[in-house]
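Trainee: Listed here are the chains, written in short residue letters.
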Amino acid sequence: MGHRVPHVTHYLTEHFADDGYTTLSGFRARGGYETARRVLVEQSPDDVIGTLKRAGLKGRGGAGFDAGTKWSFMPRDGAGPSYLVCNADESEPGSFKDRVLMERGPHQLIEGILIPAFATGAATTFLYIRGEYAEPARILQRAIDDATAAGVLGSNVLGTGFAHQIVLVRGAGAYICGEETGLLESLEGKKGQPRRKPPFPAERGAFGRPTTVNNVETFCHVPHIFARGVDWFRSIGTEESPGTTLFGVSGHVERPGLYELPLGTRLDEIIFEHAGGVRAGRKLKAAIPGGVSMPVLPAGHLDVPMANEFLREHGSSLGTGGVIVMDETTCMVRVGCVISEFFRDESCGQCTQCREGTGWMHKLLLRIERGSGTEADLDVLEDVAGKMEGATICAFADAAAWPVQALLRHFRSEFQGHVHAQKCPLPESFEI
Amino acid sequence: MSAPGKLRDLMLRITIDGTRYEVEEGLTLLQALDELGVLMKGVDIPHYCWHPKLSVDGSCRMCQVEVEGIPKLQIACDTPVREGMVVHTRNERVLKARAGVMELMLVNHPLDCPICDQAGECKLQDYAFEYGQMHTRTREPRRALKKRVDLGATIVFDQERCILCRRCVRFCREIPGTSELAITQRGDRSTVETFPGKPLENDYSMNVADICPVGALTTRDFRFKVRVWFLEEVPGICTGCSRGCNVHVGVADDQVRRYTPRRNDDVNDTWLCDSGRMTYQEIGAPDRIREAALRGDSGELIGATIDQAIDRAARLVREAVEKEGPGVVAALASGHATNEDLAALRGLLAALGSETHGLPIVTGAGDALLVRPEKAANAEGARAAGFGEPGLLLDKIRGGGVRVLIVLGHDIIHEQFLGSPEPLAALDAVILLDTHRSRLEQVADVVIPARHLAEKGGTVTNFEGRIQAVPAALEPAFEAVAEAHVLARIASALDLSIDDGSEHEREAD
Ligand SMILES: Cc1cc2nc3c(=O)[nH]c(=O)nc-3n(C[C@H](O)[C@H](O)[C@H](O)COP(=O)(O)O)c2cc1C
Ligand code: SF4
Ligand code: SF4
Ligand code: SF4
Ligand code: FES
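Protein chains in written order, with our numbering: chain G, 1 to 432; chain C, 1 to 509.
Hints were generated in silico from the structure; no laboratory data involved.
Nothing here was measured: the structure is a model prediction, and the numbers come from that model.
Any given hint could turn out to be false.
Unchecked claim - Have a look at the derived ranges for each label pair, beta carbon to beta carbon:
| no. | chain 1 | residue 1 | chain 2 | residue 2 | range |
| --- | --- | --- | --- | --- | --- |
| 1 | G | S44 | C | E130 | 30 to 38 Å |
| 2 | C | R90 | G | D379 | 43 to 51 Å |
| 3 | C | L369 | G | E42 | 29 to 37 Å |
Claimed, not checked - Each computed DSS-like pair below joins lysine-lysine, with the alpha-carbon atoms no more than 30 Å apart:
| no. | chain 1 | residue 1 | chain 2 | residue 2 |
| --- | --- | --- | --- | --- |
| 4 | C | K198 | C | K225 |
| 5 | G | K197 | C | K146 |
| 6 | C | K72 | G | K191 |
| 7 | C | K323 | C | K53 |
| 8 | C | K323 | G | K363 |
| 9 | C | K146 | G | K363 |
| 10 | C | K53 | C | K96 |
| 11 | C | K146 | C | K225 |
| 12 | C | K72 | C | K123 |
| 13 | C | K147 | G | K363 |
| 14 | C | K396 | G | K190 |
| 15 | G | K363 | C | K225 |
| 16 | G | K191 | C | K147 |
| 17 | C | K96 | G | K190 |
| 18 | C | K146 | G | K190 |
| 19 | C | K147 | C | K53 |
| 20 | C | K225 | C | K123 |
| 21 | G | K190 | C | K225 |
| 22 | G | K197 | C | K53 |
| 23 | C | K123 | C | K146 |
| 24 | C | K225 | G | K191 |
| 25 | G | K423 | G | K363 |
| 26 | C | K53 | G | K191 |
| 27 | C | K123 | G | K363 |
| 28 | C | K123 | C | K96 |
| 29 | C | K396 | G | K191 |
| 30 | G | K191 | C | K323 |
| 31 | C | K72 | G | K53 |
| 32 | C | K147 | G | K197 |
| 33 | C | K323 | C | K396 |
| 34 | C | K323 | G | K197 |
| 35 | G | K283 | G | K423 |
As the list claims (entries may be wrong) - Okay, the calculated bits of chain G under chain C, using three or more residues with CB under 8 Å as the criterion:
| no. | stretch |
| --- | --- |
| 36 | 40-49 |
| 37 | 168-174 |
| 38 | 341-350 |
Each residue gets a CB set at the ideal place from its N, CA and C atoms; glycine is no exception.
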């Protein structure tokens with residue numbers, strides 16, 4: 001398949017079990033902030049961006065956009081402030097990696113922010129964290145305070161003369177505030193709902209200024225790339241998707257949890273080797289590779305390497321790397337009900353197709369699940385999902401449509417079973 | 001048009017459905033079509049959230065078109081025009097996308113057109129017929145919301161009918177700048193609301209009913225009064241102030257039922273102030289002067305025919321001129337009269353040889369948007385006809401130099417001028433041509449019912465000197481005559497010939 005999976009490396013989480021790693025002194029004792037200091041002293045912003053581009057780090061927030069390329073979009077004419085935003089909204093069901101990165105490695109994140117902040121000339125990073133993450137917010141705030149007191153942040157970062165502050169902003173609780181322009185609206189104190197693009201944030205972002213938004217994990221990779229080099233980084237993962245990522249495995253597995261593995265690790269390997277296989281010796285039915293907005297894959301398709309270039313061929317995507325595993329007892333129509341309910345609740349409501357389509361899909365799915373659906377309803381469901389795709393202000397509507405389309409694609413006979421039996425064949429599956 | 005010192009705006013060539021257009025750079029597709037005057041008049045791109053005078057929202061997704069070279073359909077309201085752009089607005093792909101949006105738009109719509117006030121002027125109804133499947137595929141219950149929410153004193157809101165285009169929200173934020181409305185909740189629970197304790201309350205609030213593309217917002221004033229298809233809409237001018245906002249005069253059963261804004265980008269865009277809009281009520285008001293009257297020997301006003309009133313007026317003028325010369329006849333012009341009326345007044349005075357006249361214009365508050373301080377539609381036209389401040393005339397009256405006064409309107413007794421009719425009581429005769437009853441009748445010897453602008457048509461000149469012509473929208477329910485007509489007849493009874501003011505009509509735009 002042309003991808004390389006070298007010996008397992010786990011640099012992001014290497015010290016997460018160490019005592020004291022969350023403290024500034026513990027972090028420094030392991031060489032923390034040395035990379036940032038070196039980069040800030042020795043390199044120019046252009047060098048940094050060049051290195052990042054060569055490293056090929058792909059954003060870990062879901063869309064997989066090349067981080068170095070994104071940073072290169074920022075104007076560096078020095079005319080007024082520009083901002084970085086660290087997207088810590090992590091609201092996608094099935095995703096819990098950013099939480100661990102913030103709780104266990106707050107200084108790794110701060111170091112990861114400092115390097116692109118320097119490269120883009122941003123004087124402030126807004127760290128937007130979902131409101132429910134009270135504990136990570138507390139840990140991060142302490143890390144920011146300690147770093148500021150120690151001169152790691154502030155007017156003279158690590159003695160280099162570069163000035164940078166990190167402002168922690170707690171969200172008010174909506175999935176759509178994770179979409180980068182919805183986040184910016186919320187950050188500005190408005191109702192979180194995505195903006196039309198263009199203008200893109202690099203042109204007009206937070207408070208009308210050039211802004212780059214990246215995911216927590218994306219930042220966390222950066223110091224490691226500069227510490228050990230581009231060649232090292234590219235030796236991990238696949239050609240197109242270098243590095244590791246945190247796979248959050250949940251659902252019907254023996255050992256749910258977070259696994260840092262190279263991109264390109266096969267999905268079945270993650271499930272059976274790392275997560276201990278399906279619970280209680282049951283048979284695997286399906287898995288969602290990257291959070292609920294990513295299309296489900298049926299059991300026969302799980303030998304796919306977990307990187308976008310391979311998942312794409314299977315009509316899915318890596319998303320946030322949140323792997324949700326379902327065994328043979330799972331009713332896939334109920335899965336559709338749960339997922340569509342989430343999207344119905346979370347649509348910001350601006351776009352007609354998304355606002356009305358999410359609600360309609362949910363009602364249709366509920367009715368089918370309860371045994372009062374018809375064969376025609378399945379076509380309507382498919383048609384509604386099709387109408388929501390590719391025609392809205394943000395990608396939420398696609399994210400709401402894809403899982404339903406994939407369920408129908410792979411499990412249509414199970415939907416038909418509900419229609420013909422006029423009830424759910426797996427009533428014990430799980431409560432909805 | 002090239003303004004001095006400014007380069008001609010760059011023009012781009014675009015092709016829409018095979019027709020070439022030249023459009024200005026920097027516009028969106030919808031703006032460009034709107035400027036060309038072909039939007040929905042040749043090039044039909046249905047749109048709900050876009051409004052020519054509000055910011056782009058891009059949320060209804062109804063205006064999708066195909067732009068060659070761009071794989072996804074684009075929304076015309078947010079797509080800038082580019083040189084050489086080729087656009088398709090009615091190929092199969094576009095029509096299918098529209099039908100798709102339409103179907104989703106109707107999923108939760110109550111479809112209560114038979115009892116909806118918007119029926120007949122509803123964009124949802126129009127587009128649904130054109131693009132929608134009229135049979136609905138939803139078996140799911142529609143969302144049940146409140147059918148009657150008072151957003152403020154003027155506007156009633158039907159939550160179920162709202163399609164969440166946010167025009168009303170953007171209007172309040174961007175035009176009066178008062179921001180009373182907001183969309184609360186998310187997804188299909190979204191609804192328009194006011195903040196607790198802060199109702200929709202601004203001088204332009206009723207415009208939200210005009211711009212609401214469906215029947216969700218209605219004015220308390222017009223709600224349920226007339227089905228719009230029984231309304232005849234005639235172009236008119238608001239008489240509330242010297243802006244001269246363009247209106248549609250909505251007439252049914254020989255009564256004016258409402259004013260709605262008539263778009264004029266040079267005067268009022270697409271807006272009206274609330275108080276101006278409500279001036280339509282003056283037309284059918286109970287205090288209209290409905291009958292001519294003459295002061296009888298007993299000192300009481302006694303009903304008369306208009307012919308009798310004109311004869312009496314002419315006789316009073318003739319007697320005064322014969323006795324004391326033309327200088328003792330004077331006139332008070334009015335900013336409520338048309339240019340034609342004022343020309344006739346001017347002509348009569350000139351023919352008589354009198355130079356004594358004045359123009360009382362009542363002033364009040366103005367604002368930065370539309371409302372002008374001068375509370376008369378034709379104040380500027382009256383000045384242009386040569387009428388000015390009434391001070392000298394009033395001095396002359398007080399000094400006894402005036403015997404007969406012809407008065408148009410009753411602004412003179414407003415507290416900004418005389419405050420009462422008292423100072424005019426000493427005159428030999430007051431000839432009053434007016435639309436509405438007032439205390440001025442107490443001193444009038446002849447009262448002649450005049451027509452409202454909507455009943456006579458004509459031209460008025462707004463504060464910027466813009467001459468605007470409107471036709472008569474309806475016949476008054478009683479006998480009334482245009483001032484120009486009365487004045488011409490008085491002149492002819494005096495064997496004088498005067499200019500009939502037709503010149504103004506030719507200049508009007
Ligand atoms: C509906 C929706 C929700 C999103 N939620 C998140 C989120 O919670 N966290 C995140 O990092 N990115 C989220 N994204 C992706 C962001 O818009 C953005 O692409 C990302 O933060 C960019 O970071 P990256 O380039 O480092 O991946 C979401 C996108 C959509 C469409
Ligand atoms: S697609 Fe959905 S979530 Fe995104 S802006 Fe439109 S309505 Fe809001
Ligand atoms: S009330 Fe009317 S104008 Fe306001 S959002 Fe709803 S449909 Fe649009
Ligand atoms: S601004 Fe003046 S002319 Fe316009 S609607 Fe108001 S009162 Fe009438
Ligand atoms: S008119 Fe263009 S999206 Fe609504």
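Trainee: None of the hints should be skipped; say for each whether it holds.
Mentor: How the hints compare with the structure:
1. S44(G) - E130(C): 30 to 38 Å: violated (59 Å)
2. R90(C) - D379(G): 43 to 51 Å: At 26 Å between Cβs, range violated.
3. L369(C) - E42(G): 29 to 37 Å: violated (59 Å)
4. K198(C) - K225(C): holds (28 Å)
5. K197(G) - K146(C): violated (34 Å)
6. K72(C) - K191(G): Status holds; Cα separation ~28 Å.
7. K323(C) - K53(C): Status violated; Cα separation ~61 Å.
8. K323(C) - K363(G): Not OK: K323(C) and K363(G) at ~92 Å, beyond 30 Å, violated.
9. K146(C) - K363(G): Distance of about 21 Å is within 30 Å: holds.
10. K53(C) - K96(C): Given that 30 Å is the threshold and the Cα spacing comes to 29 Å, the pair holds.
11. K146(C) - K225(C): holds (21 Å)
12. K72(C) - K123(C): This hinted pair holds, its Cα atoms lying about 25 Å apart.
13. K147(C) - K363(G): holds (23 Å)
14. K396(C) - K190(G): violated (64 Å)
15. K363(G) - K225(C): violated (38 Å)
16. K191(G) - K147(C): holds (25 Å)
17. K96(C) - K190(G): Given that 30 Å is the threshold and the Cα spacing comes to 35 Å, the pair is violated.
18. K146(C) - K190(G): Holds. K146(C) to K190(G) sits at ~26 Å (cutoff 30 Å).
19. K147(C) - K53(C): It holds: about 28 Å lies between the C-alpha atoms, which stays within 30 Å.
20. K225(C) - K123(C): holds (20 Å)
21. K190(G) - K225(C): violated (39 Å)
22. K197(G) - K53(C): holds (21 Å)
23. K123(C) - K146(C): holds (22 Å)
24. K225(C) - K191(G): Measuring from Cα to Cα gives roughly 38 Å; hence the hint is violated.
25. K423(G) - K363(G): holds (16 Å)
26. K53(C) - K191(G): holds (23 Å)
27. K123(C) - K363(G): holds (27 Å)
28. K123(C) - K96(C): Given that 30 Å is the threshold and the Cα spacing comes to 18 Å, the pair holds.
29. K396(C) - K191(G): violated (66 Å)
30. K191(G) - K323(C): violated (79 Å)
31. K72(C) - K53(G): Between K72(C) and K53(G) the Cα gap is close to 28 Å, so the pair holds against 30 Å.
32. K147(C) - K197(G): With Cα atoms ~35 Å apart, K147(C) and K197(G) exceed 30 Å; violated.
33. K323(C) - K396(C): Measuring from Cα to Cα gives roughly 18 Å; hence the hint holds.
34. K323(C) - K197(G): Violated - the C-alpha atoms of K197(G) and K323(C) are around 82 Å apart, more than 30 Å.
35. K283(G) - K423(G): Within the cut-off at roughly 23 Å; holds.
36. 40-49: violated (count 0)
37. 168-174: violated (count 1)
38. 341-350: holds (count 7)
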